[in-house]
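Letter by letter, the chains look like this.
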Amino acid sequence: MAPVSLKKLVKRYGALEVVHGIDLEVKDREFIALVGPSGCGKSTTLRMIAGLEEVSGGTIEIGDNVVNDLPPRARNISMVFQSYALYPHMTVGENMGFSLKIAGRPADEIKEKVADAAAILDLSHLLERRPSQLSGGQRQRVAMGRAIVRRPDVFLFDEPLSNLDAKLRTQVRTEIKKLHARMQATMIYVTHDQVEAMTLSDRIVIMRDGHIEQIGTPEEVFNRPLTKFVAGFIGSPPMNMDDVTVDDGKLVFATGATLPIPPKFRQSLTTGQKVTFGLRPDDLYPSGHGLNSGDAEAVAELDLPVSITEPLGNETLVFVGFNGRDWVSRMLNPRPLPSGMNIKMSFDLSQAHLFDLTTGKSLAA
Amino acid sequence: MKLSRLSAPALLLFPAFLVLAAVVVVPLALSFYSSFTPFRLTKPESLYVFIGLRNYFTVFSSWDFWVAFGRTVLFLTIALNAEMLLGLGLALLVSKAVHGQRLLRTMMMFPMMFSPVLVGFQFKFLFNDNIGLINNGLQSLGLTDQAIPWLINGNLALFSITVAEVWSSTSVFAILILAGLLAMPRDPIEAAHVDGCTPLQTFRYVTWPYLMPFAFIAMTIRSLDVARAYDIVKIMTDGGPAKRTELLWTLVGRTAYGDARMGLANAMAYFAIVLSILFTVYFFRKLAAARQQIGAEW
Ligand SMILES: Nc1ncnc2c1ncn2[C@@H]1O[C@H](COP(=O)(O)OP(=O)(O)O)[C@@H](O)[C@H]1O
Ligand SMILES: [Mg+2]
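In order, the protein sequences belong to chains C and V. The letter at position 87 of the first sequence is residue 87 when you use the numbering used here, and the numbering goes up by one with no holes. The letter at position 113 of the second sequence is residue 113 when you use the numbering used here, and the numbering goes up by one with no holes.
Be aware that a few hints might be false.
Derived coverage of chain V by chain C (criterion: at least 3 residues anywhere in the stretch with Cβ under 8 Å from a Cβ of chain C; other residues may be distant) [to be verified]:
| hint | region |
| --- | --- |
| 1 | 181-193 |
| 2 | 203-210 |
Label pairs and their computed distance ranges (CB to CB) [unchecked claim]:
| hint | chain 1 | residue 1 | chain 2 | residue 2 | range |
| --- | --- | --- | --- | --- | --- |
| 3 | C | Ser135 | V | Ala183 | 19 to 27 Å |
| 4 | C | Leu70 | V | Trp208 | 19 to 27 Å |
| 5 | C | Pro37 | V | Leu200 | 34 to 42 Å |
| 6 | V | Ala29 | C | Ala107 | 58 to 66 Å |
| 7 | C | Gly104 | V | Pro149 | 48 to 56 Å |
Quick caveat, the hints were computed from the structure, so don't treat them as lab data. None of the values given here were measured: they were computed from a predicted structure. C-beta: ideal position from N, C-alpha, C; glycine also.
All chains, please: the whole structure from these sequences, using the hints.
Listed below in structure tokens is the structure:
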């Protein structure tokens, strides 16, 4: 059990710097997700924590120790790889017990611990098989079993679900969450899938181009994104965003469409200022079919044409034409809407986001 | 004409069959047959005298033959093991090279580019007791003041031949094992590091099981090469001194061309071939087992 602390962590490959001095404090027993688009440096960061990649600058602490120069074996960590990285010549049981065998534990202890882990992961009937005789989902569970058998201080996951099909992915996701509750260990989880990050973690670290954009609970990064990037990355379907110019109490879009300035920004905006306006699909809905945020004052209504609809059963995603393109809205208690029909749409501006056009920083205080 | 009644594919393949028959099948059959005759090159008519298995009995009851046989097995065991260890070491070193790996890989293949005859001459010169580089070097370094009789003392001569053979064939192992190293996935190695392995343990438990099939491929190839032990020995010592380095194939060669006893020589040769095939089958089995072990998909 240990906290993990990254201080000004830098990674360079030759002249190319891919991680630019990131700071992160992971609390003991916390589940942290590193999320961001492909190539933003998540794996590199995780691999530096694991000791598989040399640190070019800054420090990594696990517990009270600076581990920069310790080999992976001295860090008391486990890692689950995207490719599972099972030992092909060992049986499932041998794979899972390997770390204990290396640590010189007696055979009956190994057997017992492997049996325990196998029971947790529903692998008991597969212990004699080889990895090549297992399905993807089973291999994945073996990889997790190998990680939990040794009860490490810190678990590291590098996109462990990305080779599984969608259904299995949700299943294993739940298992990982249960595992965290059971193991009471610090877990750092890398993924490019924001849904995984949101559902699993205590806090989310959103990375972009080797920087950290925001660290926060799922609720924080969803409701109070600090940057336009975070706002666009978190949430599905993504936030509707467009650039606007402030003009006399109104936000004017490129096509001339206007919306009132959201109440909480009325004091701070000046005429002529250019900002990015953002509204989540949840806060744009056919009138009468949305969440009631309670602030009726802040709702603006416009008649907009429906372009297409995506029924999901309990709700329907309605794409409406606004400012020259389709904006996504979420319709609760749905009813069928024919394409091309004009409907009254509610913009819940109390939930709107505004970002500085050049820096992309949120204008919310 | 009869030929034209054959189907087109058979007709088209016919020349190839003809050539194969002329250069492979006929000589093979003829040599096999001759191992049942007292055929001597100097007495062509002896080819038509059938003596059954007498040549084989002669071979099996010949002390010289069994000594050469034992020496061959010893020689191969030492040479193959040394080649494997050195090849493994070389491959590991080259795989670690960050710069110039291509160049190193090419250089590693140099010994394979030389004819074994040339290698024989080269090492014969190196090991020469008077003018050889090795004695010269040892003496200059002050390690000895004597001329060590590398090719004259029986044991030393066998050692010298082994060195030459190892030098010329280590690259077979090195290249195949390097291929295995380069094809090997990185992840299980990293997993082993995380699982607590020292570099040595990683090699022992993860890397080596993965490389084993490649080592066995090299072994299989080399076991087919048993016959090639001929050239280097022929040049360096010609089985001498006093037959102390006589191997199966120099013995066969001497019997066939020196004593002109073709029939007897062929009997020995066929015995040696069977031996070689047995080795190959053995290593092939090992290879299949090792492949299955790592769940190889090739
Ligand atoms: N061994 C390497 N040499 C050079 N560049 C690398 C190496 N490994 C990764 N990179 C670069 O570092 C950046 C971050 O990679 P990575 O951490 O794998 O991203 P991801 O967030 O998708 O896991 C990428 O731009 C990648 O091209
Ligand atoms: Mg990655």
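(Q) Given the hint of 19 to 27 Å, is the C-beta distance from serine 135 of chain C to alanine 183 of chain V inside that range or not? (A) With Cβ atoms ~24 Å apart, the hint holds.
(Q) Verify this for me: three or more residues of the region 203-210 of chain V with a beta carbon less than 8 Å from a beta carbon of chain C. (A) As far as the region 203-210 of chain V goes, the hint holds, because 4 residues have Cβ atoms under 8 Å from chain C.
(Q) For the hint 58 to 66 Å, verify it against the beta carbon of alanine 29 of chain V and that of alanine 107 of chain C. (A) holds (59 Å)
Q | Given coverage of the region 181-193 of chain V by chain C, tested with a Cβ cutoff of 8 Å and a minimum of 3 residues | A | holds (count 7)
**Q.** Outcome of range test on Cβ distance (proline 37 of chain C, leucine 200 of chain V; 34 to 42 Å)
**A.** holds (39 Å)
Q) Do the beta carbons of leucine 70 of chain C and tryptophan 208 of chain V sit within 19 to 27 Å of each other? A) holds (25 Å)
**Q.** glycine 104 of chain C versus proline 149 of chain V beta-carbon gap, inside 48 to 56 Å or not
**A.** holds (51 Å)
This entry satisfies every hint, going by the numbered hints stated previously.
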